[in-house]
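Trainee: These are the residues of each chain, in order.
Number of protein chains: 2
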Amino acid sequence: MDALWQAVRFDKDGLVPAIAQQHDTGEVLMMAWMTREAIEETLKTGQVCYWSRSRQALWRKGETSGQVQRLVDLRVDCDGDTLLVLVDQTGVACHTGRRSCFYLAARNGELETIADVQTDPATLYGEDPEPAE
Amino acid sequence: MDALWQAVRFDKDGLVPAIAQQHDTGEVLMMAWMTREAIEETLKTGQVCYWSRSRQALWRKGETSGQVQRLVDLRVDCDGDTLLVLVDQTGVACHTGRRSCFYLAARNGELETIADVQTDPATLYGEDPEPAE
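Line by line, the protein sequences are chains A and B.
For the first sequence, the positions run 36 to 168 when the numbering used here is used.
For the second sequence, the positions run 36 to 168 when the numbering used here is used.
One or more hints might be untrue.
Identical copies go unnamed one by one, so any copy, or any two together, can satisfy a pair.
[To be verified] Pairs of lysine to any residue, SDA-like flavour, derived with a Cα cap of 25 Å: (1) 47 - 36; (2) 79 - 99; (3) 79 - 144; (4) 47 - 70; (5) 47 - 160; (6) 47 - 157; (7) 47 - 71; (8) 79 - 123.
Derived by calculation from the structure, the hints in this document are not laboratory data.
With the hints as extra help, turn the sequences into a complete structure.
Mentor: Here is the structure:
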């Protein structure tokens, strides 16, 4: 993967933003951050792993909740500073229990909630929530 | 739009990442950055405006090339630190002349180019290219 490491431009904190998109429906599920180590683990295991900025640790998406993301394809943009991760999302991506994190829409001067909670977060995480970022 | 400004969390440089997605096909076109002023202009004009980090100026997407993005819907994620901008993209989003910036895929240990150039960048920009970020 030398070509990959030559292409990816990590920021000064060693991070690159990664957009997760459901591979078949095209739904944008979330945006999170990856380190080189997170990318390596994702490619090796086929399960998406991010870097939690709040916890300063690898964040194996769904490790607590079971809402894992299976890697389908990993893409790099033209200037190497953003990743697009095509995934197969089990259950919901958002810590609020919604399928996608992008459930607030700016419409008519208001912020509308445009998606319902599919799964009660309490049943996903109990008392040990995953990081939201 | 008080609710919007309460929801959006700009970083220490006053920026928030914005993912541009073609509203009907679901294709993720690019990721760029917005300031509060860029968001305000986007909402006011209905044409997507970013902040160019390289030029340190508002970046009216397509101003030079004609490859504009008409705003369809603007969404905020659960923790307010990423925007998803649904757009109707005229022509190509990428400065390389490809529809999407995410045309490199990490496959089988290599980086494959998975999309062709649709429009010669020279015809889009002449000698005054738009910023790539």
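Trainee: Under the constraints set out in the numbered hints, which ones does this structure not fulfil?
Mentor: 5, 6
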